[in-house]
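Top to bottom, those sequences are chains U, C, P and D. Going by UniProt numbering, 712 is the number at position 712 of the first sequence; the sequence numbering is gapless. Going by UniProt numbering, 166 is the number at position 166 of the second sequence; the sequence numbering is gapless. Going by UniProt numbering, 49 is the number at position 49 of the third sequence; the sequence numbering is gapless. Going by UniProt numbering, 182 is the number at position 182 of the fourth sequence; the sequence numbering is gapless.
Source of the hints: derived by calculation from the structure; they are not laboratory data. Because the structure is a prediction, the values reported are computed rather than measured. You can take every hint at face value.
Computed footprint of chain P on chain C; a stretch qualifies when at least three of its residues, placed anywhere within it, have a C-beta under 8 Å from a C-beta of chain P:
#1 229 to 237
#2 245 to 259
#3 285 to 295
#4 299 to 305
No residue lacks a Cβ here, since even glycine has one placed at the ideal position from N, Cα and C.
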Amino acid sequence: MSTQEFRTAQGGRIDRSRPIRFRFDGSDYTGYVGDTLASALLANGVIQTSTSIKFDRPRGIFAAGAEEPNALVQVEAPFPEPMLTATTVELYDGLVACGLGGQGRLSPEPDPARYDSVHVHCDVLVVGAGPAGLAAAAVAAETGARVIVVDERPEPGGSLLGTRETSVLEWATSVADRLRSNPEVKLLTRTTAFGYYDDNFVLAVERRTNHLGAAAPAHRSRERIWRIRARRVILATGAHERPLAFNGNDIPGVMLAGAARTYVNRYGVLPGRRAVVLTTNDSAYEAVFDLLDAGVEIAAVADLRTGGSPVWGPRCAERGVEVLAGYGVADVTGADRVSAVTLAGPDGSRDVAADLLLVSGGWNPVGALYSHAGGRLRFDTDLGSFVPDGCRQAVAVAGAAKGTFGLAGCLAEGAAAGREAVEAAGFTAPADTRLPAADEQPASPTAQVWVLPGDESRQYVDLQRDVTVAEIRRATGAGMRSVEHVKRYTTAGTAHDQGKTSGVLTSGVVAHLLGVDVGELGTTTFRPPYTPVSFAALAGRDRGMLYDPVRVTALHPWHEAAGALFENVGQWKRPWYYPRDGEDMHAAVLRECRAAREGVAMMDASTLGKIDVQGPDAAVLLDRLYTNMMSTLKVGSIRYGVMCRADGMVFDDGTVIRLAEDRFLVTTTTGGAAAVLEWMEDFLQTEWPDLRVHCTSVTEQWATVALVGPRSREVLATLAPTLAVDNASFPFMTWRDTEVAGIPTRVCRISFSGELAYELNVSWWDALALWQAVYDAGQPFGITTYGTETMHVLRAEKGFPIIGQDTDGTVTPQDLGMDWIVSKKKADFVGKRSFARADNHRPDRKQLVGLLPDDGTTLLPEGVHLVAAETVATGALPEPPVPMLGHVTSSYHSAALGRPFALALIRGGRGRIGERVYAPLGDALVPVTITSSVLYDPEGARRDG
Amino acid sequence: MAGPGSDLPDHPDWLWRTPEPKRSYDVVIIGGGGHGLATAYYLAKNHGITNVAVLERGWLAGGNMARNTTIIRSNYLWDESAGIYEHALKLWEGLEEQLDYPILFSQRGVLNLAHSLQDVRDSVRRVEANRLNGVDAEWLDPQQVKEVCPIVNISPDVRYPVLGGTYQPRAGIAKHDYVAWAFARAADAMGVDLIQHCEVTGIDIVDGRAVGVRTTRGPIAAGKVAMCAAGHASVVAAMAGVDLPVQSHPLQALVSELLEPVHPTVVMSNAVHVYVSQAHKGELVMGAGIDSYNGYGQRGSFHIIERQMSAALELFPTFARAHVLRTWGGIVDVTPDASAIMGLTPVDELYVNCGWGTGGFKATPGVGWCYAHTIANGEPHPLNAPFSLERFTTGALVDEHGAAAVAH
Amino acid sequence: MMLISCPWCGPREEAEFHYGGQAHVSYPEDPSALSDEEWARFLFYRDNPKGPFAERWNHSASCRRWFNVIRDTVTYEILAVYPVGTPKPVIA
Amino acid sequence: MAEQTTVRPTVRRSPLALAADRLADVAAATGGAVSIAEVPFLAQLNLRLDPKGPAADAAGKELGVALPTAAGVAARAGELTIAWLGPDEWLVIGPAGGEGDLEARLRSALGTGHPAVVDVSAQRTVLELSGPRVRDLLAFGCALDLHPRSFSEGACAQTRLAQAQVVLIARESGAFWVLVRSSFASYLADWLIDASVEFTGPQA
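Can you make the complete structure from the sequences, with help from the hints?
Here's what the structure looks like:
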């Protein structure tokens, strides 16, 4: 167990009273609550975390936040999670992790954690709880506006956390406390806004239990997606420090200056003992003094500006820190860690011993979210970075994210943004805003430098992808002129960090090599997410059985108890068949079919769509939508109808019941219910607003039980004593309202099987009572329940098509042999015009026919294709492409026919009835004969019992 | 040892020139995407037509070519589709040699999963049609699906259990930029001018014949003008007064961090709307459904991505803690029958290639081959004859969504 | 996730709506009077502009009303919402 | 036939009857943070008519309160709730068993102008959600702004909760009615129970 020899004696925001044990790359270490994995490793003297992906070079902790390009780790325990940045992994007891050079590892075990998402609305959303963000939130919250503040860190304060601005930090803490106690404010820490979408829709992910390790409570979601809809958004997302390209800039010990400052101040960790500093701007000097005071020796400061820093130069002199103006780094020595730095400048070069090289190449405002929102960026030559330049959404940017780097400026800008936002949202901002005093250094201009002189093959631009200046030069040399091409050629900016530190540098280097203006060149596009988001978080609660709604009928529990197997039909679960002991599907379906044909059987048909159509013009509407005539339907009667899309292809079918002169009940297919209703409304609202019709879905108002078979009349008679069930009193395709088993029931004489059959419609609430009553009453007749498979067999024996199975959106009613249902009288109905198109008159259109395998035993697989006899005249298939006649749409064993049969769509099929064709099954050619699609009871003798 | 991804072949030291546009060309191709570049290549290679300019408003292959999920397959339902996609696949199989460029064409197979009895019928129908059309295809039961891709969850206890799948072993993926650049380099080497940041602002028509284009870099005369603008097909055609039955929609995709190999093939599922492969460096590359509305924004709505993640975890529970690194969107031009349009237009010497929807990448070499033939001869190649504009008038559609043929 | 202002229910998330494509395309008075070309245009040809586009949306998860929207197909910004049957507003 | 409907609780079964115990457990499990219960068999009539026509006034008189013409308003008249569903559509909710009588009364009252009255009592079932965290529970699956400032007692909306279409009505004392299609009811119950797990332990 190594001691934390790089931990300062005191200071930092860690809790030294709460040590934490963790394991990294097989060694055990301790850290403190408040540490990140990176800070704890540094405290233990570990700076190298991995080797690079391509050149296998040692790589060390380079930054202190989400922008970290090097320190990728794989969490192994408590549960494996691939590729996280050590700089953002909070330390917890029992953490086991290892460095990652290349690929992360997924756990083969199922993730036990819960994930969820929540919708939230606010007047003002503030992204970033640094000085600017907190100032904005403080103003906004005072007005009673609903405010949400999100920050990716575990505690508010942002960049302040890495400084010694104690008075401002105290202010930040008090603001945070006030925000927390305000019922209209949500202050979300550990929450990263990762995407900014249309109409101020911002997505954020909250890491809720990770930091608790194995102690995470099981009831709490591990990660939560916040779906935030904000009237105004303030982006106070800060800035990332930019590295420079120079020889050996990838060796562990080379670190961003601001990061080193954060390690010292926030974590009480010394990233090294003796440091050299390389900078293009004043900000690095803050690090110099913070490190000095913490006991780090500053060997030298190389300030690339020939004049150095007027403000900081003298102060350094006072403290005996040597500043070399106009100097840069010529080289870095050291294998696994920096050992010396070669500085070069006007007066030659010299080697300086050091274990740390701090770099500041300037700062990049974090523009990702702003870009997601559609905001433009422009290059500010004074700042040497890309800054916000206008966005159509209701968003403001404040602080370093806008290129304002002074603390006082950030506070003022934040407060102003907050004021503006609440006023725009209709609230009255407080007269004055109390902001803490922040002594602001007059900053001298930044030198704009991207690459230092040296060996381009040792100057790294993208540390994670091992992309050097030399590789970028190879790209431009190959003819690449756009950053996007260079990115793809070199893979710069495509790694886990998506170029947070390397992106702008890449543009700068390309501009430098092509001799063009970096502003003209631009950057690659920012895309969500800002930082990686887990799949599980995005999937949220829509997992397993909640992935998609399970729709069930009122009878579902009965079916389950009866041991039914279920078929997914859209979102519905429908009984497929009801196997008895030891029965396979084949046996069960034959039994169910036999019962329906020879005795009596019952089925739950409740999933059919039902639409109540009423109004004086109801019949007119139906006449326009169905291919056949509905206005001539008599009250008390029922008619089957087909609907086509305007292109003439069959779209849905079902029965139409006329309840009154001005009222119909339309049934649709199970899958078609919603589409048909929306379609009717479409025509009513947009095409024929003059029609006086209202359509209302009653799909779940009514449950439907199909009672089928020659003995169904007897069963019904026993249950409905007052109903005259004889054929004359209650003919086919009529309906009656009566009581069945004392339950108000609408009985329809409809048959989808060809047998004498009834559909009993009752209230969804009464379904179970009716079903049980019918089942009990049917026992003496051996009543049998059946599912969708048997239903399909029965209808197929009669040649009744199933829309979506025997049709595929390319089939007309005529193709189905349903010319009889296409009205010749009506001037128009939807789809009619399309029937006149040339292609609809081709004699070789595919038509629905029946098929009988000649051997009387082979069951043709559904989907198998048919070929003509002449095609296989040689007795074998010719070389492909083999001409096909069509395919099998439905195929079953028929109990009634005592043999397998099929329905198929065949070119010119009706003209081929009697013809022998062949079905290639594997290597065999199965001879089958084309027949009429109606194979059972063609004269329809059975429907009246 | 060097990490994964280090074995990706480098791009060559030389790719293409950055020429100034000439006054006139025999053929001007509008659109420097994969299709435009492949067309230029085959015009030069197969027809000896090298006085060709490819005009690109942005950077070469920066549209759908740079945004697609690189799936390559030819197992389409209808004869017409199978014909052109299978021709493309055969070209893919020789492309690496032909273009002398490591396009990383990996025939790792593509699985299309079935989740309902109707899915199964449609799948078998497609497999049987494929076999008779000479396209390699098999129907796999759930156990066989798991043998091909062990991480697929075939448990019957999920919302939409896997009932099986179709498998095309010769299908696979390639590296999109490499493919585009390979065509570009070869075309450039044969004298084709690849002109970037050159937006076409008008098409000059004299006596019903296209004679040139106007661009942000000046007018350019042309013997023939070939439109190849994918998502922007309508915008470009409108310059010639030609209406196209296409609508442009956003199609989104995403990529994960680099992961150890877990996914050896390509898995697609229409029923739960997701398709996944693990690319050469180890990242998971995924696509989802098309956003419903018209859009040129190269971005879509986030709930589509969330839905896609739910679907992905239904099929691949092991992905739970993988991370989305980057999302993006392309613009797909979709026709009423989900099949492409390639051929002549009402304007002489103006040619159209569009409507590839989500199938554009996999068709790239086939499109280049057939479109070049169409342009060179002034009449369609037999393989693209069925994909004429006229079909929308006669009704002879090639309806690839009707029969649940898998998109993407 | 766009926020679409239903003329009746107010602003709702895009996911509550079904897209209906180009607006102001009405079903022909007398289809039988149309040539195949004209009928094909009605069936299959719709505008596909890059920029403002008059399109139909249906608030399917709520009031089930169809209405028209002018939306920029590049920025996805909604420039106008107006009831079916009223003329297309002029967008400056 | 709906006209003759009479309540027969002994044989009727509401869509969530079998989920009743699991729903009841939520209150205990969440320490009262949320309570969920089905309110079965309520009378529900779908009303379609011209809000400006005479039928609207007639309906108002018959129901004892004017039909709300503002979007998102649920009017109350004694035991009746009249929820605005659309510009010409309302849902009239009344005590169990009253649908037959109510439909008859409305039909005779409304007269001409082609109003449509449809008994949809069994089309949707009603869930009552209450407790201090009920808005937070709904926010897991509902994109509407449910803050009391924008959705208080008397507000109603047709929208989506999780993946189900629902009618949401804000009732007295912070309770909500969620009306869900009967075939989706058990899905929504499962979803609500799963979502409530978040409140079953110490809160962050």
